[in-house]
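J.: For the record, the sequence lines run as chains A and B.
In terms of our numbering, the first sequence opens at residue 21 and continues consecutively.
In terms of our numbering, the second sequence opens at residue 3 and continues consecutively.
It cannot be assumed that every hint is accurate.
Below, a sample of chain A positions facing chain B; criterion: calculated Cβ distance under 7 Å [as the list claims (entries may be wrong)]: (1) Glu-89; (2) Pro-191; (3) Ser-195; (4) Ser-222; (5) Ser-227; (6) Val-256; (7) Pro-302; (8) His-341; (9) Glu-342.
In short, the hints are calculated from the structure, not lab data.
From the three backbone atoms N, C-alpha and C, an ideal C-beta is built for every residue, glycine too.
Read off the chains here:
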Amino acid sequence: MSTVASALRGAPASPPAAPLLSAHGLGRRFEVARGAGALLTRRPRRFLQALRDVSLELAPGETLGIVGESGCGKSTLARCLSGLDRPDEGSIRWQGRPMATGSTPLQRARRVQMVFQDPYASLNPRMSLAQTLDEVLQVHALAATRGERADRVDELLLTVGLAPRLKHHLPHALSGGQRQRISIARALAVGPQVLIADEPVSALDASIQAQIINLLEELRERLKIAFVFISHDLNVVRHISDRIAVMYLGQVVESAATEALFEHPAHPYTRALLAAIPQTDPSRRSLVPALAGELPDPTAPPAGCSFSSRCPWVVQACRAHEPALLEQAPGHAVRCSNAAARRARTLDPIASQGESRVSAR
Amino acid sequence: MNAAAGSSQLEVEDLRVRFTTPALDLTAVDGVSFRIEAGEVFGLVGESGCGKTVTCRALIRLFGGSPPSAIGGTVRFAGRDLATLDERAWSALRGSEISMIFQDPMTSLNPTMRVGTQIAEGLQRHRGLTAREARAAAIEMLAAVGVPAAERRHLDYPHAFSGGMRQRVLIAIALACRPKLLIADEPTTALDVTVQDQILKLILKLRNDIGMSVLLVTHDIGVIAQTCDGVAVMYAGKIVESGATAQVVNRPAHPYTRALLAALPAHTRRGDPLRPIDGEPPNLAEPPPGCRFHPRCTFAIAACREIVPAPIEVEAGHRSACLRAGEIG
Chain A
21 MSTVASALRG APASPPAAPL LSAHGLGRRF EVARGAGALL TRRPRRFLQA LRDVSLELAP
81 GETLGIVGES GCGKSTLARC LSGLDRPDEG SIRWQGRPMA TGSTPLQRAR RVQMVFQDPY
141 ASLNPRMSLA QTLDEVLQVH ALAATRGERA DRVDELLLTV GLAPRLKHHL PHALSGGQRQ
201 RISIARALAV GPQVLIADEP VSALDASIQA QIINLLEELR ERLKIAFVFI SHDLNVVRHI
261 SDRIAVMYLG QVVESAATEA LFEHPAHPYT RALLAAIPQT DPSRRSLVPA LAGELPDPTA
321 PPAGCSFSSR CPWVVQACRA HEPALLEQAP GHAVRCSNAA ARRARTLDPI ASQGESRVSA
381 R
Chain B
3 MNAAAGSSQL EVEDLRVRFT TPALDLTAVD GVSFRIEAGE VFGLVGESGC GKTVTCRALI
63 RLFGGSPPSA IGGTVRFAGR DLATLDERAW SALRGSEISM IFQDPMTSLN PTMRVGTQIA
123 EGLQRHRGLT AREARAAAIE MLAAVGVPAA ERRHLDYPHA FSGGMRQRVL IAIALACRPK
183 LLIADEPTTA LDVTVQDQIL KLILKLRNDI GMSVLLVTHD IGVIAQTCDG VAVMYAGKIV
243 ESGATAQVVN RPAHPYTRAL LAALPAHTRR GDPLRPIDGE PPNLAEPPPG CRFHPRCTFA
303 IAACREIVPA PIEVEAGHRS ACLRAGEIG
């Protein structure tokens with residue numbers, strides 16, 4: 021277990037270092053496209069708030085998992101962290117200093133790299149594996165001669181578990197798992213300190229998923245890279261992450277060390293998300309959905325707490341005030357005024373009023 | 003699964019589906035047999051390309067633009083051999099007694115028709131309802147699948163619905179005529195986990211209300227464990243293991259099922275590496291000889307390369323097509 025994770029459990033093994041990458045109060049909004057009719061009738065412009073006051077920190081070598089469902093803002097967050105998109109509010113820092121200060125775009129690209137969900141779409145279909153990797157090395161001037169670059173390409177392929185003899189193949193000749201390995205090799209080519217993986221295994225079959233997750237974990241150990249691992253699959257995130265942030269409607273609603281989050285989930289949304297995972301134990305079945313209702317319209321989120329429209333524990337105050345993300349226990353932050361008032365533990369399954377109300381529904 | 007012959011809702015025996023093009027000759031489904039009782043939710047689980055979708059499509063003879071060159075074996079629905087049906091009889095059966103929902107709720111609806119009309123269509127056609135009656139029934143059906151404000155929303159077009167709500171609309175269309183069998187091909191794969199949870203529980207509830215049988219196709223063993231009474235595991239066009247869900251999930255008797263379960267992150271301690279299945283599924287145009295799983299199997303012996311294993315009963319109703327099933331189960 022890394023020192024980061026133990027520090028988060030309240031037992032610091034070493035003095036906390038400045039985070040490698042941090043986000044402070046990120047906000048990002050997109051204008052919703054209007055049809056010609058709306059322009060003629062001068063309907064007001066509408067905005068979708070994809071990120072709202074998102075702050076997080078990533079320590080060197082740490083793996084931060086980000087979970088949430090479609091439209092929660094996790095991909096927008098990934099794009100902002102990697103510099104592919106700019107937040108409208110807030111800032112992104114590198115080792116405590118603003119990301120852009122004293123660095124060129126290429127330098128920034130060498131710090132943070134991304135791996136995308138769909139390896140079919142994120143590789144150029146007309147470039148061989150060798151060309152894809154060689155281009156990166158050329159752009160970043162990472163090898164002096166053609167021969168050096170060729171050696172480095174072979175080395176990168178071996179790093180991600182591909183035989184160098186595949187290097188003249190085009191992406192279509194590879195399987196999904198092999199393509200995802202190439203996406204990872206391309207990201208590693210510049211020697212990044214942070215790898216942001218946005219649903220990297222979601223398009224793959226279970227047996228191949230496990231191969232790629234093992235590869236990522238192996239690379240993390242060997243190259244000491246910090247990971248931001250984004251997924252909707254809580255089992256995968258649990259396996260790979262030291263710490264997890266749960267997002268709902270553009271906000272972080274809970275963040276904690278992995279085991280703390282799974283053992284003592286405090287936010288009602290986290291609890292619903294955990295309960296909705298189909299368990300492989302057929303004796304534990306229920307006919308009651310973990311969460312009722314639908315995701316609200318993101319252009320018009322509910323007043324007060326954004327989860328108030330679906331929360332089984334909602335009280336009047338939840339609709340009146342937007343709760344802040346507050347630390348309930350060392351390293352365990354929750355955005356729920358109810359949880360704050362009653363402390364996280366009172367929402368635990370045993371001897372909890374709230375739980376019996378939920379199971380009765 | 004042990005019911006006497008003839009009493010099952012659906013009986014599939016030795017189903018074979020072959021696709022032939024000038025460049026290619028492959029048998030996507032190769033000798034698949036299973037039966038589904040009345041009111042049973044039966045799961046078909048396997049990875050991409052294992053033939054589970056082709057199996058579904060062969061059951062209702064709907065292949066879209068790329069029909070197979072040959073379909074073999076027998077399919078009996080409520081005792082009737084479906085091979086004897088002509089195109090008219092098929093049209094009367096599909097959407098009425100057998101319905102199907104597909105993986106992608108975004109492309110399976112007609113974008114130019116109000117959802118209420120799409121639900122009412124089948125009722126008018128198959129049940130002879132008047133337009134007015136069908137509309138009332140459509141609204142009732144929309145409400146039954148949990149679409150709020152159904153009396154207003156039946157007038158909306160598909161684009162006005164979220165992914166989860168569109169899948170509910172598809173279920174409403176499929177179930178409007180109260181079919182005896184619902185075939186659901188990866189009905190929740192495109193959906194978020196809390197929406198998946200809602201939809202699966204809705205299907206179970208409607209099964210209880212209507213008493214239909216369900217064939218649920220998925221790649222997710224968790225979904226099988228939470229939803230199905232019986233299950234068959236497919237690999238490379240063949241069923242490798244079948245039985246009651248608890249038997250197959252708790253006591254897997256085929257190396258592939260075991261490996262599939264072991265590969266799940268939930269079944270590995272944090273910090274330990276996952277246990278993937280090495281290699282990739284075979285190309286069905288040139289399947290390996292003997293057992294199709296042998297190149298990836300940790301239990302493989304020399305005989306596995308030559309003998310195509312027949313299903314062996316390892317306990318009542320639980321079969322495994324593995325030469326070493328007795329040692330594994």
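J.: Evaluate each hint against the coordinates.
T.: Evaluation of the provided hints:
1. Glu-89: holds (4 Å)
2. Pro-191: Hint violated; Pro-191 (chain A) Cβ to chain B Cβ min 16 Å, cut 7 Å.
3. Ser-195: Check passed: Cβ of Ser-195 (chain A) comes within 5 Å of chain B, closer than 7 Å.
4. Ser-222: violated (10 Å)
5. Ser-227: holds (4 Å)
6. Val-256: holds (5 Å)
7. Pro-302: holds (4 Å)
8. His-341: It is violated, given that the least Cβ distance between His-341 (chain A) and chain B is near 25 Å, above 7 Å.
9. Glu-342: violated (22 Å)
Going through the hint list in order, the structure does not satisfy hints 2, 4, 8, 9.
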